[in-house]
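Asks: 1 is the number of the first residue of the sequence shown in UniProt numbering; add one for each residue after it.
Treat the hints with caution; some may be incorrect.
[Unchecked claim] Here are the simulated distance ranges between beta carbons:
1) G323 / F219: 27 to 37 Å
2) Q306 / G264: 14 to 24 Å
3) R322 / I61: 47 to 57 Å
4) P309 / Q370: 32 to 42 Å
5) R80 / Q114: 28 to 38 Å
Hints are computed from structural coordinates only; laboratory data are not their basis. Idealized CB from N, CA, C, for every residue including glycine.
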Amino acid sequence: MHFFEQVQHLSAAGYTSPNKPCSSYFLRSSIVPVIIYEKPQAINVKKAFVELYANQNHFEILPVEALEGTFGEMKWALWRRNIEDVIDDVVVEKDNVCFEKRVILKQLKFTADQRHLRKFLEEALAFSNVKQHENLAQVIAIASHNRFSDPEQQIDFPLICYSHDGFGNLKKFLISCRNGQTNAEFKNPNGNGIQTLRAQELVSMAVQILNGVIHLHNFGIIHKDVATRNCLVSKVRDRDNLFVQICDSALSKDFFPDDYHCVGDNENRPMKWMAHESLTHNSFSSSTDVWSFGVALWELLTCGQQPYPEIDPDEMVTILERGKRLPQPYSCPDELYGLMYCCWQLDYRDRPTTQQLLIALREFNLQLLQYI
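Let the sequences and hints guide you as you build the complete structure.
Replies: See below:
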């Protein structure tokens, strides 16, 4: 069964069928389905270290709780330094002209070793060859106490720096909203904790995540771990809108160990977010990112609940082949659940493309805006 027909036949599979308006989104689409496979990416870590170098002394760590794992941590900081100018091909700092930027930092702890560092840098710099995009959080600086050219010779672990002035990790933010927490970390500029999220805000965040994923696909990069834990969320200045960026998966296995499972080859994988062919054949494409995006959309609509909490990760292949899928979230419109469900078809050719999903979600978002 092709994707255009699926949304009208979900009820036959035992799930709530979406209404006609949703299927019409796709029928109006003239997009020819295209599956994107990953292109080999040459990441020059040494070059990145040189080009993105920043003096670690210019970073002031802020006393705000972020994320911490066994081997790494994430912190907020202020990056202060003098603005540089180039005079006769020589970089010169301008006196009394200060640059200040709020950033978020990822860093390994002393419990880590060189093996952790190599993996950390490999994941953190995965998007280093990609052009900037507003919905993609990329490394803007690598901070150390001294200039360097070889990460293998580093005595201390560098700070990996991302531009961010907001609430931080999206999954943690969603859970806090669900629990009604009003920690200072999640206060808006008016001092009020964001405790409830409207459906329109959740769909808007999904659109932004998808925009970031599509941008990666345009450069031949498959994310392989699309999930709310790999997103940052902030508030648009002078507006009530929430702004989301998808980021790399560096340290996610350390920060959210319950989301990953080792399958025997020493590699922890997000099995409950992975497509069937990724679980069975370690195959990844734009269609497997679509599957994971469907789970991320479910996370948004449940405010950060764990998918398949009662299922052992080793049983995921079996339960997927038996037709079990994530349930419809409470108060989730049928049309929106239909979109999620279509992302979880066993045959990758039956899933929507990212562009088809984007068109549907944008139109759905416009409908929701009418009720605000």
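Asks: If a hint holds in the structure, say so; if it doesn't, say that too.
Replies: Status of each hint after checking the structure:
1. For G323 paired with F219, a C-beta distance near 35 Å keeps the hint of 27 to 37 Å intact.
2. Against the hinted window of 14 to 24 Å, the Cβ-Cβ separation of Q306 and G264 comes to about 23 Å, which satisfies the hint.
3. Checked against the given bound of 47 to 57 Å, the beta carbons of R322 and I61, roughly 49 Å apart, stay inside it.
4. Checked against the given bound of 32 to 42 Å, the beta carbons of P309 and Q370, roughly 35 Å apart, stay inside it.
5. The hinted window of 28 to 38 Å between R80 and Q114 holds, with their beta carbons roughly 30 Å apart.
Checked against the numbered hints given earlier, the structure satisfies every one of them.
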